[in-house]
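My request is simple: use the sequences and hints to build the entire structure.
There are 2 protein chains.
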Amino acid sequence: MTTATNEYPTKAYGATAPDSGVGPMEIVRRGLRHDDVLIDITHCGICHSDLHTARNDWGRTTYPIVPGHEIVGTVAAIGESVTRHEVGDRVAIGCLVDSCMECKHCDADLEQYCVEGGATGTYNSKDRRDGSPTHGGYSERIVCREEFVLKVPDNLPMAEAAPLLCAGITSYSPLKTWKIGPGSKVAVAGLGGLGHMGVKLAAAMGAEVTVLSRSESKREDAEKLGAHDFLNTSDKTAMKGKTGYFDMVLNTIPVRHDVTPYLHLLRIDGVQVLVGMIDMMPEVHTGILLGRKVLTGSGIGGLAETQEMLEFCAEHGIVPDIEVIPMHDINHAYERMEASDVKYRFVIDMESLREG
Amino acid sequence: MTTATNEYPTKAYGATAPDSGVGPMEIVRRGLRHDDVLIDITHCGICHSDLHTARNDWGRTTYPIVPGHEIVGTVAAIGESVTRHEVGDRVAIGCLVDSCMECKHCDADLEQYCVEGGATGTYNSKDRRDGSPTHGGYSERIVCREEFVLKVPDNLPMAEAAPLLCAGITSYSPLKTWKIGPGSKVAVAGLGGLGHMGVKLAAAMGAEVTVLSRSESKREDAEKLGAHDFLNTSDKTAMKGKTGYFDMVLNTIPVRHDVTPYLHLLRIDGVQVLVGMIDMMPEVHTGILLGRKVLTGSGIGGLAETQEMLEFCAEHGIVPDIEVIPMHDINHAYERMEASDVKYRFVIDMESLREG
Chain A
1 MTTATNEYPT
11 KAYGATAPDS
21 GVGPMEIVRR
31 GLRHDDVLID
41 ITHCGICHSD
51 LHTARNDWGR
61 TTYPIVPGHE
71 IVGTVAAIGE
81 SVTRHEVGDR
91 VAIGCLVDSC
101 MECKHCDADL
111 EQYCVEGGAT
121 GTYNSKDRRD
131 GSPTHGGYSE
141 RIVCREEFVL
151 KVPDNLPMAE
161 AAPLLCAGIT
171 SYSPLKTWKI
181 GPGSKVAVAG
191 LGGLGHMGVK
201 LAAAMGAEVT
211 VLSRSESKRE
221 DAEKLGAHDF
231 LNTSDKTAMK
241 GKTGYFDMVL
251 NTIPVRHDVT
261 PYLHLLRIDG
271 VQVLVGMIDM
281 MPEVHTGILL
291 GRKVLTGSGI
301 GGLAETQEML
311 EFCAEHGIVP
321 DIEVIPMHDI
331 NHAYERMEAS
341 DVKYRFVIDM
351 ESLREG
Chain B
1 MTTATNEYPT
11 KAYGATAPDS
21 GVGPMEIVRR
31 GLRHDDVLID
41 ITHCGICHSD
51 LHTARNDWGR
61 TTYPIVPGHE
71 IVGTVAAIGE
81 SVTRHEVGDR
91 VAIGCLVDSC
101 MECKHCDADL
111 EQYCVEGGAT
121 GTYNSKDRRD
131 GSPTHGGYSE
141 RIVCREEFVL
151 KVPDNLPMAE
161 AAPLLCAGIT
171 SYSPLKTWKI
181 GPGSKVAVAG
191 LGGLGHMGVK
201 LAAAMGAEVT
211 VLSRSESKRE
221 DAEKLGAHDF
231 LNTSDKTAMK
241 GKTGYFDMVL
251 NTIPVRHDVT
261 PYLHLLRIDG
271 VQVLVGMIDM
281 MPEVHTGILL
291 GRKVLTGSGI
301 GGLAETQEML
311 EFCAEHGIVP
321 DIEVIPMHDI
331 NHAYERMEAS
341 DVKYRFVIDM
351 ESLREG
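As they're listed, the protein sequences go chains A and B.
Residue 1 is where the first sequence starts when you use the numbering used here, and the numbers rise one by one after that.
Residue 1 is where the second sequence starts when you use the numbering used here, and the numbers rise one by one after that.
Just so you know, these hints were derived from the structure itself, not from any lab.
Hints may be right or wrong, so weigh each one.
[Unchecked claim] Here are the simulated lysine-lysine pairs, DSS-like style, with alpha carbons at most 25 Å apart:
1. K176/A to K224/A
2. K104/A to K236/B
3. K224/B to K343/B
4. K104/A to K343/B
5. K179/A to K224/B
6. K176/B to K179/A
7. K240/B to K104/A
8. K240/A to K343/B
What follows is the structure in structure tokens.
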């Protein structure tokens, strides 16, 4: 064990340029501050954002970049003032590693919307205290301020817990915000990492869940995930039959598309929540909105809500469907992800990095 | 007085073609059905929709068309089963004269969203029972099913009451839907017929009201109407200072525009309500929505809510600022309305039609 004042040389995988792919590199984790936790990472989920950031698709990447914000592991050491965690604890880190903790949003447990320069991202961000770049979970270990380290409930398996930290909370938060519960009618558009969690979570909350897809091939998948119904959005008659039917459309589609057909499916005061980063949303005819249809979005969740979600999943036995891969398969995994060839989330077994 | 089974030849003003302007014509009001009320119209407000419909701007006009859906008057006769109204009562008709009264929306006092073929519009629509065209308030009298006739409270002056039937309820309804009350921070964009009522109504509900405008010239008007603040939307620094400040932006702007700057003004879970018919809304960056900003719309209000609004206005002494004109000045009024040269609503004195 290194002492708290020393830095930790750490094996990682990252990108050095938009076209470099993701490969082995060594990074340095800071020595523990008084309120820091050192975590040995056991697993890290792979999110679409990882791929977009590695390739600089959003034009905001600072290289070298180590992606990964669906992180689980065990506590290996703690700073002297840490009270929330002990060595050996099963813990997790999501999309955030710090925030101001003082603004109105942080006070309201909405750290993801911190107004003081924004929350600090788990990667491609800058440490609030020393300005050093943050690096994500494609690595052996990570150091993080204790408040941003969550607890993994005992009965959640580690590998399956990883995707909950981004895909899970991103679907969970809007369901809670809009008070989805027994009897609610929820439609989920897009059956990927987020969407498949949306189906499971909404069903566990007691909602009647319908999967929306252009492709009839998803009907069987929808049923397996616990959806009560399937609606083929290419079938105009079927779509018309559900006009005004849903309380919520959880729209997880990660590419630019027209949101209008989903607005038509909403009851009065029903809400379409966008959770995918689709940049510019195509024009919408306001006549539809004037029928009191609500269009909004939601971004991940705060720390308290993320912990609540982990406990909800543990209590209801909900885990994502995952495919575990070794670290060195990352570039192939990205290719398959782009081809939607994964049901439904890749998770990296970080033991493969230590051995590699 | 004609008997209940006879029709009523009626002086009116209407358009016969998109470029005809609005001129005198004679129409026939049906003889009273058992549940009908005959109303001698005293005043009719002028709404932008009148102008758009007269000119077929929306491509849905059937000629000849008699506009007008902000109607007040006195009951002149009643059908044999009418119980809600008596001869001599001060009454009003808004945008609707009928609906199915049986669907889920009608049952929920949301007749404006009737799902059985839609509610019957006061003009440019078809009577549900005999298919005859409906004609609006630019006329001496109107016949309407008793449930769609509202009561004008005693202390509301008739001329001023007229614009409440469309401009008033259109602003009132979203304020109620989104629970605006004491302490709420409401911004009103667009200071016309709807917007100026939005300011007065929101202030009467106890909200802190800010008028948004590109033009500094509106600052004084805003204050006169009872707004607590004015925000010049051309002033980038001022706009930035109100980022995340408002619970609601009531957007009454009646022409196509980018709604993005108003989304930035909303707090988390704050709502921008569009009430103007602006057809296609320009593209919006979904990154803003992902900060839990809500975009929606609202269309007039149901019968019960419209009655409630009339009583709210009577109780709080709220009336629109109007300019009364004679019927034959209608085309000039349209021109001035298009030039935003009215503070804030034209109302036709229908006595001028009887005399003309």
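State the violated hints by number, sorted upward, taking the hints as numbered earlier in the document.
4, 5, 8
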